[in-house]
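Here are the chains, one letter per residue:
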Amino acid sequence: MNGRASVSELAGRMAAVVGARNCFSEGPDLLTYECDGLTHGRTRPDLVVLPGSTEEVAEVVRLARAAGRPIVPRGSGTGLSGGARPVPGSVVVALSRMRRILEVNLEDGWVRVEPGVINLDVTKHVSPAGYYYAPDPSSQSICSIGGNVAFNSGGAHCLKYGFTVNHVLGARVVLHDGKVVDIGGPALDVPGHDLLAALVGSEGMVGIVTEVTLRLLRKPETTRTFFATFPSTDEGGEAVSRIIAAGILPAAIEMMDRLAIVAAKAATGLDWPDVGAALLMDADGPTAEVEDLSERAVKIAREAGALELRLPRSEAERQLMWKGRKSAFAAVGRISPNYMVEDGVIPRSEIASVLREIEGMAKERGLRVANVFHAGDGNLHPLVLYDARETGQEERAEHLGGEILRMCVRRGGSITGEHGVGSEKAAYMADMFGDDDLDTMKRVRAAFDPDCCFNPGKVFPSSRLCGEKPGPGGVEHPAVKSGEVYRW
Amino acid sequence: MTGSGRHPALDCVHCGFCLPVCPTWTAWAREPDSPRGRIEIARAMLDGAAPTAEMVSHLDSCLGCMACLAACPSGVRYDVVIEEARARIEASGVRTSADAGLRSLLFSLFPHPGRLRVAAVFLWLWRITGLRWLTRALGLTRLVPFLGRLDALAPDLGLAEITSSLPASTPATGERRGRVALVGGCVQRVFFPGVNEATLRVLSAEGYEVVVPEGQGCCGALSVHAGRDEEARAMTRALVERLEASGADTFLVNAAGCGSHLKDLGHLFHADPAWHTRATAFSRKVKDVTEFLAAVAPRAPRHPIAGKVAYHSPCHLGHAQGIQDPPRALLRAIPGLDLVEVAEGDQCCGSAGIYNLVQVEASDELGARKAGNVLATGAPFLASANPGCTLQVLRVLREKGASVQAAHPIEILDASIRGKPFPGGGG
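Chains as they are written, first to last, in our numbering: chain D, 438 to 925; chain Y, 22 to 448.
It is worth saying that the hints were derived from the structure and are not from the lab.
Be a bit skeptical, because a hint or two may be false.
[Said to hold, decoys possible] DEER-style ranges, computed between Cβ atoms: (1) Y:75 x D:757: 35 to 45 Å; (2) D:825 x Y:189: 49 to 59 Å; (3) D:619 x Y:357: 52 to 62 Å.
Bear in mind the structure is a predicted one, so any value in this text is a computation, not a measurement.
C-beta atoms are modelled at their ideal positions from N, C-alpha and C, and glycine is treated no differently.
Just chain D, same shape as in the assembly (with noise of 0.2 Å):
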């Protein structure tokens, strides 16, 4: 295509700089990389290349240039909004083969990192020495410190300790022409512009990150959970409302519906109630501070309707409450052959009013919405069940979906809290901001990444082709299914 090399030969020269074991070139290597954790919409690369050093990438990145390839970064490949997935055409640079722990600096608070480093091995390596790292994602387990960075991802403690980009304090990025820079550094704030916050949710758009420097938090004295059922999300929605409205920060506030608990249930064996709705509340600090919140919190939640409120009564229980949160989103899996992960924000104090709007257009349509999400901040997760086997529930899902995000910035929210903007919501980001807006981040990051090599189509809604229906499960333009024009 274009003069390209082609690829087989940019594959050799790949293979040696990586490793032929690390180049995928073949139709069933390739297929395994066809999407991240979204699933609906695939493109298959036409290499895959997993480099081991920040000097590989950096060689990697000029390789595919001067091929005239667009390059996709990918972590772990958890992302659900399809920020992984690549383009036609594209070399993926996988970073999971770099996943080092290369210094830790406990007195300082600080650890450096490998982007392929799993978010929970970071807690896990300095745990022992009383330490933690704060954000936590529902796929902490698997998704990678790289990805984090990509999507300033969140998670359910955010509430209290903010996101990735409060966390990052400095970062290596391989830059479009395989130029490495520094960002950032150990000490708390480094003068001239914050390039890091430009960096932190730049869904792969600025660069390549090859090395991370986190802040390390100590463990709180004292971890109290609870657990709180009520008849239905109105009355939850109401507690959540009431709880941060009494001056109480709770670490974390999440909140299920009748939907999610079923689900969760199902993944665990956890015996919880078959209720309308339910609240996993964590309070961290020191052990008066949090045993005068938890009671506060306790009463009011009462007040506000709960049926039943329940303490673990070991570590282990702990684990286990939070195990059937955290895996939440997979096990909707068992009541449904397949789902949407929607993401979006709305004021805290119109949960319960949005959620029962969500429900009412999920009935309109035929469809069912399991709702589990960060309460605290108002940050919204509706799956949006389907089968797609079934004609036209596929595409209705999307329109609930998509319907959804829309009603969500109509209440003064945002399409995306922190699953990141992807291929699947670049659609909507025009029914965010104006043309001013878009055009001022797209200024942004061609000052990073001029000739939009890095994760293009991402983010930015592309314009619309003559006779191209926009949108997740658009119709692709002819012109561009057949070859003739290349869109990136």
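Chain Y: place on chain D using the hints.
Okay, now just chain Y, sitting in the frame of chain D:
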């Protein structure tokens, strides 16, 4: 197929929770060598793609340890996915003749206790006559790596042990609490006869009459895990018939690989309704011997065995059957015994059926990691409830020059009941 009639590969939602528990993903971090990747490959085959050499290599690299099965929040039946995919490979004729030859050699030996016993006698002769020294000196074991591998794996046994047999019936000691049948296993019977003997003694001491139905062949586990379904069905049918004829209503297994297969026969016979019903009913009566004993009140007094014992959790016990606590509880109940966990205890040791004979490099990598973790416990003793694991870990430990004594938990329990020291051989 699963109960829903939908292929289990289609249940995967791509969350990736299986990756960190997969030994090959942990070792290489390559998607096609992960459960999620293999499911994609199986899906492609399901959609009609003909198996290629690349596909085969990724499906072969799976140890079948089933750690992913236990980790999957969506409940994907990976065991069914991989077995079906392997059956497609076997049916496709894509394997090279050397690979296919080695496999048929292994499968004409291991699942046949009679032939295995003959082979063990030859191995014994070869070792005592000095021929082993000669072949090693001439470098023949290096020329025929497979021979060297077998030699390194097989434990030193006397001729009497190799040719020993089990009594058809063992009475209960004292008042009889029940009657159970024992599945003898193939590798277990020939290479670890002591385990079966100990099992009989412990069950008897605990008040159970034990029958060992005669003419037991292989249960078919090795074959089904390798995708040789037809062979597996024939073996399974024959064994189930023999065992059922004993009239027992509890069938005890002391080899984890056999147990996990016999407990889950339904899907192997999904296309044969009569056998499906029969096999499913049979599976419900199968129990691991540690699971059985931990659920009944102990009767025979335990004598102390002082010392630190590292517990190795075989994948087919821990992951495939979900049996974590029973063997540990039985061991902890022995006075003086200090049971310790092995770091990364959920990870496969690399034995995995015939894996250590056909995927030498990966198996060695995993074996070394496991042996390192066992040594790090500082325990002089190792408890391992599966013969394959025991052979593998001891081999690597021997190569490292380490001296660790290994025994099946039931042998340790037997020694405690009889007031003997820690049993078993080592490196």
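Quiz prompt | Violated hints, by number in ascending order, as checked against the structure | solution = none
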